[in-house]
Amino acid sequence: MRGLHADTGYLLYRLGLRSGQLFNTFLQESGLRLRHYAVLRYLAGSAGALQRELSTRLGYDPSAIVGLVDDLEKLDLTERRPSPDDRRSKIVVLTEKGRAFLRDTDEAGRRVTNDLLEPLDAGERDALHALLLRIADQP
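Under UniProt numbering, think of the first position of the sequence shown as 1, with each following residue one higher.
It should be emphasised that the hints constitute simulated quantities derived from the structure, not laboratory data. Computed from a predicted model, the values in this text were never measured in an experiment. All C-beta atoms, glycine included, are put in the ideal place defined by N, C-alpha and C. Only true hints are included.
With a cut-off of at most 20 Å between alpha-carbon atoms, the simulated SDA-like pairs for lysine to any residue come out as follows:
#, residue 1, residue 2
1, 74, 27
2, 97, 71
3, 97, 73
4, 97, 70
5, 90, 64
6, 90, 48
7, 74, 31
8, 74, 64
9, 74, 28
10, 90, 51
11, 97, 40
12, 74, 96
13, 74, 104
14, 90, 53
15, 97, 46
16, 97, 80
17, 74, 38
18, 74, 105
19, 74, 102
20, 90, 47
21, 74, 93
22, 97, 29
23, 90, 61
24, 90, 45
25, 97, 44
26, 97, 48
Distance windows between CB atoms, simulated:
#, residue 1, residue 2, range
27, 5, 83, 42 to 52 Å
28, 25, 120, 18 to 28 Å
29, 18, 87, 42 to 52 Å
30, 121, 18, 15 to 25 Å
31, 45, 14, 20 to 30 Å
32, 90, 110, 25 to 35 Å
33, 102, 9, 27 to 37 Å
34, 13, 137, 15 to 25 Å
35, 108, 16, 16 to 26 Å
36, 96, 131, 32 to 42 Å
37, 124, 82, 38 to 48 Å
My request is simple: use the sequences and hints to build the entire structure.
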């Protein structure tokens, strides 16, 4: 291997770009982007989250989270509710329409992943996923 292809970090970056492009193409009709989908998918696994938590967990700038949640609220996919722990804070929750959107897009999301990983057999896909999990959750 020579040049940039010898750099694992660069290859991960390229793969991320390609994945994002495929996913954004799939989401184009909805007017959403991968960042919106990530917020929805995170909220689907929780009872709601403070915007600060979304920023930390997803690795997005806090100011970006505000805009993403605003976009999702306009489409009635999420809503802000008073936090039961602190009345000054709001938690972001997935609406029923947001849950339906995720159900409707699950299969298409799997197709995007399958297209991206098409050169790999099932065992290689599992191994790649396990390795990515190990490094993705590091601080």
